[in-house]
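First residue of the sequence shown: 256, per this note's numbering; consecutive thereafter.
Read the hints as simulated data drawn from the structure, not as lab findings. Keep in mind that this is a model prediction, so the values were computed, not measured. Worth double-checking, as some hints may not be accurate.
[Unchecked claim] Straight-line Cα separation of at most 25 angstroms, DSS-like style, residue types lysine-lysine; simulated pairs:
#1 Lys324 x Lys342
#2 Lys282 x Lys350
#3 Lys350 x Lys403
#4 Lys306 x Lys324
#5 Lys295 x Lys324
[To be verified] DEER-style ranges, computed between Cβ atoms:
#6 Ala404 x Pro289: 15 to 25 angstroms
#7 Asn390 x Glu314: 34 to 44 angstroms
#8 Lys383 x Lys295: 44 to 54 angstroms
#9 Lys282 x Ile408: 47 to 57 angstroms
#10 Ala292 x Lys383: 45 to 55 angstroms
#11 Lys350 x Phe412: 17 to 27 angstroms
Cβ coordinates follow ideal geometry from the N, Cα and C atoms, glycine included.
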Amino acid sequence: MARFSIPKLGFLLLCCLAAVTEATYVKYKDPKQPVGARIKDLMSRMTLAEKIGQMTQIERSVATPDVMKKYFIGSVLSGGGSVPSSKATPETWIKMVNSMQKGALSTRLGIPMIYGIDAVHGHNNVYKATIFPHNVGLGVTRQVLHLKANMFIEFFFFI
């Protein structure tokens, strides 16, 4: 009758774990691989539905973790005035975006989503956030010193 020693059993377990780990390797998730190789590997694994989903951007109000997972959504946008709730705090935004991201990452390929926000005036969708003038409007004044002086005054006196 053969006896198993603890070291032999440990070695056997280590071999099994190595085999399982090697079987789950996917090139597109390996940051050491060239970008082109990662893209080629990922695209070869994707179904047509996954490719369509990745090219789709939906509005925040219809994005749920289930929608992200079911339709393989690649991007979510908060348009002007699109907020998770009235007086949404930074924590509210974080919780909302993280829940959508969890839905996206729970898909077969685990591709993270991209989140966009209409924030040309700064993130004024966040309750009590500072609202800034358009950068284009500031730029066309061509008054750099005047702009810097006003920024200094606003920063120190209106905080």
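Against the structure, the hints come out as follows:
The suggested pairing of lysine 324 with lysine 342 is violated, with an alpha-carbon distance near 28 angstroms, which exceeds 25 angstroms. Straight-line distance between C-alpha atoms of lysine 282 and lysine 350 comes to about 31 angstroms, which puts the hinted pair past the 25 angstroms bound. Between the alpha carbons of lysine 350 and lysine 403 the distance comes to roughly 35 angstroms, so the proposed pair goes past 25 angstroms and is violated. A threshold of 25 angstroms between alpha carbons decides the hint, and for lysine 306 with lysine 324 the separation of about 13 angstroms falls inside it, so the pair holds.
As the CA atoms of lysine 295 and lysine 324 are separated by approximately 22 angstroms, the hinted pair is consistent with the 25 angstroms bound. A beta carbon spacing of about 49 angstroms between alanine 404 and proline 289 contradicts the range 15 to 25 angstroms that was offered as a hint. Roughly 25 angstroms separates the CB atoms of asparagine 390 and glutamate 314, a value that falls outside the hinted 34 to 44 angstroms. Remark: the range hint 44 to 54 angstroms for lysine 383 to lysine 295 is upheld by a beta-carbon distance near 47 angstroms.
For the pair lysine 282 and isoleucine 408, the beta carbons lie near 54 angstroms from each other, so the given range of 47 to 57 angstroms is met. Range check, alanine 292 to lysine 383: about 46 angstroms between beta-carbon atoms, so the 45 to 55 angstroms window is met. Separated by about 34 angstroms at the C-beta atoms, lysine 350 and phenylalanine 412 break the suggested range of 17 to 27 angstroms.
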